[in-house]
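**Student:** Now for the letters of each chain:
Protein chains: 2
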Amino acid sequence: MERAASTPAQPGPLSADLLQKMDAYWRAANYLSVGQIYLLDNPLLREPLTLAHIKPRLLGHWGSAPGLSFIYVHLNRVIKQHDLDVIYVTGPGHGAPALIANTYLEGTYSELYPDVPQNAEGLKRLFKQFSFPGGIPSHTAPETPGSINEGGELGYSLSHAYGAVFDNPELIAACVVGDGEAETGALAAAWHSNKFLNPARDGAVLPILHLNGYKIANPTVLARISREELEDLFIGYGYQPYFVEGDEPAPMHQQMAATLDRVIGEIRAIQHRARHGGPLERPRWPMIILRTPKGWTGPKEVDGKQTEGSWRSHQVPFAEMAEKPEHVRLLEAWLKSYRPEELFDEHGTLRPELAALAPAGERRMGANPHANGGILLRDLRLPDFRDYAVEVPAPGAVSAEATRQMGVFLRDVLTLNQEARNFRIMGPDETASNRLSAVFDVTDRAWMAERLPQDANLAPDGRVMEILSEHTCQGWLEGYLLTGRHGLFDCYEAFIHIVDSMFNQHAKWLEVSRHIPWRRPVASLNYLLTSHVWRQDHNGFSHQDPGFIDLAVNKQGIVQVYLPPDANSLLFVTDRCLRSRNLINIIVAGKQPEPQWLDMDAAIKHCTAGIGIWPWASSDQGGEPDVVMACAGDVPTLETLAAVDLMRQHLPEIKVRVVNVVDLMTLQPPEEHPHGLSNRDFDTLFTTDKPIIFAYHGYPWLIHRLTYRRTNHKNLHVRGFKEKGTTTTPFDMAVLNDIDRFHLVADVIDRVPKLGYHAAYVKQAIRDKLIEHREYITEYGQDLPEIRDWQWPH
Amino acid sequence: MERAASTPAQPGPLSADLLQKMDAYWRAANYLSVGQIYLLDNPLLREPLTLAHIKPRLLGHWGSAPGLSFIYVHLNRVIKQHDLDVIYVTGPGHGAPALIANTYLEGTYSELYPDVPQNAEGLKRLFKQFSFPGGIPSHTAPETPGSINEGGELGYSLSHAYGAVFDNPELIAACVVGDGEAETGALAAAWHSNKFLNPARDGAVLPILHLNGYKIANPTVLARISREELEDLFIGYGYQPYFVEGDEPAPMHQQMAATLDRVIGEIRAIQHRARHGGPLERPRWPMIILRTPKGWTGPKEVDGKQTEGSWRSHQVPFAEMAEKPEHVRLLEAWLKSYRPEELFDEHGTLRPELAALAPAGERRMGANPHANGGILLRDLRLPDFRDYAVEVPAPGAVSAEATRQMGVFLRDVLTLNQEARNFRIMGPDETASNRLSAVFDVTDRAWMAERLPQDANLAPDGRVMEILSEHTCQGWLEGYLLTGRHGLFDCYEAFIHIVDSMFNQHAKWLEVSRHIPWRRPVASLNYLLTSHVWRQDHNGFSHQDPGFIDLAVNKQGIVQVYLPPDANSLLFVTDRCLRSRNLINIIVAGKQPEPQWLDMDAAIKHCTAGIGIWPWASSDQGGEPDVVMACAGDVPTLETLAAVDLMRQHLPEIKVRVVNVVDLMTLQPPEEHPHGLSNRDFDTLFTTDKPIIFAYHGYPWLIHRLTYRRTNHKNLHVRGFKEKGTTTTPFDMAVLNDIDRFHLVADVIDRVPKLGYHAAYVKQAIRDKLIEHREYITEYGQDLPEIRDWQWPH
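Note that the protein sequences, when read in sequence, are chains B and L.
Numbering-wise (the numbering used here), the first sequence opens with residue -8 and increments by one.
Numbering-wise (the numbering used here), the second sequence opens with residue -8 and increments by one.
In isolation and in its complexed conformation, chain B is listed as follows:
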């Protein structure tokens, strides 16, 4: 398995000396990768390897590590040569040993983790900690210096890379896409990101498709189509692919160096043209297709079976160390094939002539500040949200579209940060539909594909990013945030489930990052979920799903959920979210005209608390009520208030308290969430023994899940979406799910004790009214005029 380059100079840009050194550096990285997977001790093989030096549980992935290190070493050369600003995004994140090895060799690792110094003792720690209890994960993770991409779930590297370079004109994101990862939907969609990248304003992504050949147990699709198809595919995607293929180190080094020189030259030429008066058109960006054997330089065969160049190299190429003593010998020979004695000095430190190959300071990819974006993060300049207030002379006196107001606020956020270039809005073609159109007064949609004269609001320098791929929107935004900028993702509520898994992974990234001292806080990921379940009556059942919140609350410490009942509260919440750090904020707000309840002062007070009594809507005069009518969400609030109005007219003896919830997390116990109300405060609001009728925006059981430990939980009765309803009227959606004003009044009658006979008449009148409603909408397709025209009696 001797593979190290000892051959004389190959034709290519590298001198014999440089080639020899780069190969040695690569061997060092490979040595460290194998060491991390296998070794507990004896890190420099200064004693004969024995079982005692080997980890008892062998856990890790070797397969893509040598390829990742090969690229790393070559990027180091061009970074140094051209003083480039490069981050390294690696889709095949299970190749983490390579990233750890390289950041260790360049010195970053020891600077961030001083307990892992660049000597024999540090090497031993580096090896032991990998995929070991109390140590670090086997995948690229927040713990990995230089990474903005979790290596667990595949598919997001390319959209992360694009997100990173937006508005970073000098940055190059070298993005290794594994050929396994390339089969995923998120990745397949992300190639088209080049239609949204402006070479004048943005940096560059250099995709490196790594044809490693195999997944866990299968070949990969892209490794098994013809070279012509592969080329066509990427030309079709708008790239110019350059192939680097082989397995002999020396010629591969020359090929890779020549190719990198070429693609870096092309990138610079593209950028130069775009930035110095050339036509601003979409270029054909270069990319590299690197085909190397899986587990390159690893054992060719184990127990008579092909290993290098096979899926058998995917994880640990061989184990059973105790059972098969020859495996210990095989491991020793494999490690020695990298000739560690040539690479490390007597202290176990990388020899200086090799260490000199790495860039210095922040040019090291492990130390590049873009990959620890909190360092670069600047606060947004925010206008005073109070200036965008809707005038609300009395509760219910005016109507407004909440998200339209928010759009005006966002328009000015865009303007104020135009120069800082650190705010973008992402959405799957829905920004206008979601009524944020005011933003188009000051910016456009980013668009580098063909434009036609009739196009509106499309431009290369637009700051609204719209592609009909929630995955790409989410990936772009994550990349943008993790490199120290700000943003918002607006989406139809039902379809945000498309990125459930990306949400999970980002939440986990944030959760882990919080405990890593050198990871600086980043701006929160803000979702505006609109076109929500209660106003999808025209689209129907397939567009109705408020369950993203149910998923999100599993990530307790990271998530905030806001259900502002009107425009002014939405403005407050938006401002708060844009100021926050290291969170995921979910705002659910309607886009349709709805009555406005709170003037700005009231909204500030109410939303600051996150939950509170609305005295003007209550009839308990500050005393003990007969029933608590709680509501969360704009439509539930509307129906609750309409129910209160009905009760004032027909059941005036019932003392009602109205509690509105903006910040859903206040319902949780304080030990579960920092926003959780104390039990005393909760009991003060909800009483300890009175019925609570809770009208909630989403699935009703979520409220039970959040409150089951509260004193008065036994009297809690929740109405919400229960999967009923399809194409019908807005009010009928509420009726079908029993959350409308009439059902709410009936719920009160059923639960408040000692009501007079006339309550039974009211219930009968409710039944009649619901029948009338059904007949009317079935005939006319609209709600009863009295429903459409209902107003709070302000």
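The reader is advised that the hints may include incorrect statements.
Identical copies go unnamed one by one, so any copy, or any two together, can satisfy a pair.
Here are the simulated lysine to any residue pairs, SDA-like style, with alpha carbons at most 25 Å apart [to be verified]: (1) Lys705 - Asp674; (2) Lys760 - Ala737; (3) Lys715 - Gly268; (4) Lys186 - Val319; (5) Lys291 - Glu714; (6) Lys315 - His529; (7) Lys713 - Ile507; (8) Lys296 - Pro444; (9) Lys315 - Ser390.
Please keep in mind that the hints were generated in silico from the structure rather than gathered at the bench.
Following the hints, complete the assembly by docking chain L onto the known chain B.
**Tutor:** Same frame as chain B, now just chain L:
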């Protein structure tokens, strides 16, 4: 390389007479599409159009309807001419008016919905019901005859189409991919499905990329790249694209007819070669790229703004009918431009010479039985699962890998149904990793891309479908099931979230289908989730998420969740799931060696009930216990039993009842789920007042959400995954989440009243043991031998 065929515009294969008739048929379909969106009455325009004839709320999508109808009419011709078996899968499902119009014109609609006959009265009903309360959704839906693809959330048409034709050699799925939909991840990944389609065994997919040009508010990416890139892209994806482009109906009809003749000819030639001794290699399948204006044949301009050929045609091209009387005139002129008087006779019935253009009977795309797969569904032949039992002489006496046993059962399912060709297994490259490898004794992985000599278990006729795209796996399986076959999707538990949204949509499809009498039940969608949270200790945090169940239970009536504690119970559950209909079954089971608790008879009894007391593990002698130790999931069961063992030794005075839950839905009240236990049965198991320590596989609050109405909920204390843990030992994962045996015993001590002093000593011993555990794993990377070697004292 052959590039796109240039089809002569004129003349073409259609005679003047046929062209004229086909155009008339198309006009009829367009007329009906506009009518559905706009008209409440006056369906044949026999009176001057007035506001009263127009719907008060205008809801629907016109943009892609004319293109969809154009394709439908042309497919009708080739179906008739060649007696083809074709289903029509339409990604742009918001073009539902076109599908409804065409199935109405061909007669299917009135057969399935006799209240909508083929006359003036029927037309009126057809128009009114569309996107109207009590009517039908505005998107393609289960209600739409001939559809297997919900048109709400975009991205799944192509994988559905491939799923439909697997094992259906005579079937062609004509699949219209919208250029908006084409931007999604799921769709972008699905193009590679052609590497898994065997032309000898499977049918054909004819993708028709519809370059309609615009989404809601934006142009589409694929409509704005050069024709060369577009061609390259699809050649790269492995297709031979044929362009049909224009907006003049007559030449477009000729172009489309010529192109369809050509591609049908190619499909038949490919299939003939593969089925008659030609080499079985991946062909270049033909596809069509159809470029027509959005809202084709609609108003060119409205209020001075371009409408045809613009995003303004996406939904309702113009509204404000009351405010702008000229819009009523515009609508009338538009409708009359289709010359309805030439199309419908005096009864309002399509004229016979036009009706004759449609195929007959089951050849009509709306009546094709493949699109109502329950009609074709045959029961699987299932071996007796009892024959695969693990011998369990006593609880805990043997160890086995549950999924490996399941693999042997599945192997024989494959064998027994080899001839029927109606069972497949889908998974993202994890079938072997998930220990189902026995299936490879009798089948292979389907693979039509290049094969190399060293490949194992890859073959064109494999019945295991592995691509590293959960979206594609899910889409294939949905398409396969909806066309009347059976299957299983095995996946890592954490990554199934990637298809959350597809799960939601499929659940909604099933829910709606249940209420449509003509939709026959289909086989359930079965998930095996393995490599689960408690055994991802080597991969770490990014691979740990048991939250799919939390999402799934929102679809209450459709979902079953099974957590079999061992191999025999997994066998029972697998058998049950494979027999079930119209459900989504989620099985969570480990793949690691674990102790086996139940012999087959006990497993059958226990799993039939879904929940029950394990008397052999309990010490309450059938009387009232001091504590109920409940468990659901294999690892929680193991830890619970280990805790019981500890208590027998150290706290023998505590009477323990062990309750194991296999069928999670038994916990719900019976009014919420058909499997829900009655309150009496629940109270019998869980007592009404004793502490319950519940060790649950997933997030603990789900158990509260399911049981909050139960009598003894106040004494319920749940342990589960709370987002702790990363790369560590298996047992330490349990410790970090407080679900390990020691924490469970401590929970009991904290909750059972009146324990003696020695309980405090036991708690101290527990604390010491956990410290010892931490020290040991940090040093050796393995669990304490006493943990690894623990066995139930059988």
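**Student:** Are the CA atoms of Lys713 and Ile507 at most 25 Å apart within a copy, between copies, both, or neither?
**Tutor:** Intra 41 Å, inter 20 Å, cutoff 25 Å: inter-copy only.
**Student:** Classify it for me, Lys760 with Ala737: is the Cα-Cα distance of at most 25 Å met within a copy, between copies, both or neither?
**Tutor:** within (12 Å within a copy, 57 Å between copies)
**Student:** Is the C-alpha distance from Lys296 to Pro444 at most 25 Å within one copy, between copies, in both cases, or in neither?
**Tutor:** Between copies only: 13 Å across, 62 Å inside.
**Student:** Checking an output row: Lys315 and His529, CA cutoff 25 Å. Within, between, both or neither?
**Tutor:** between (67 Å within a copy, 23 Å between copies)
**Student:** Is it within, between, both, or neither for Lys186 and Val319, if the alpha carbons may be no more than 25 Å apart?
**Tutor:** neither (52 Å within a copy, 40 Å between copies)
**Student:** Could you figure out if Lys715 and Gly268 sit no more than 25 Å apart (CA to CA) within one copy, between two copies, both or neither?
**Tutor:** Result: close neither inside a copy nor across copies, 58 Å intra and 54 Å inter.
**Student:** Within a copy, between copies, both or neither: where do Lys315 and Ser390 come within 25 Å Cα-Cα?
**Tutor:** The answer is between: 24 Å across copies meets 25 Å, while 77 Å in one copy does not.
**Student:** At 25 Å max between alpha carbons, let me know whether Lys705 reaches Asp674 within a copy, between copies, both or neither.
**Tutor:** both (13 Å within a copy, 17 Å between copies)
**Student:** Using 25 Å as the alpha-carbon threshold, which applies to Lys291 and Glu714: within, between, both, or neither?
**Tutor:** Answer is neither; intra-copy 57 Å and inter-copy 40 Å both fail.
Violation of the numbered hints given earlier is confined to hints 3, 4, 5; the remaining hints are satisfied by the structure.
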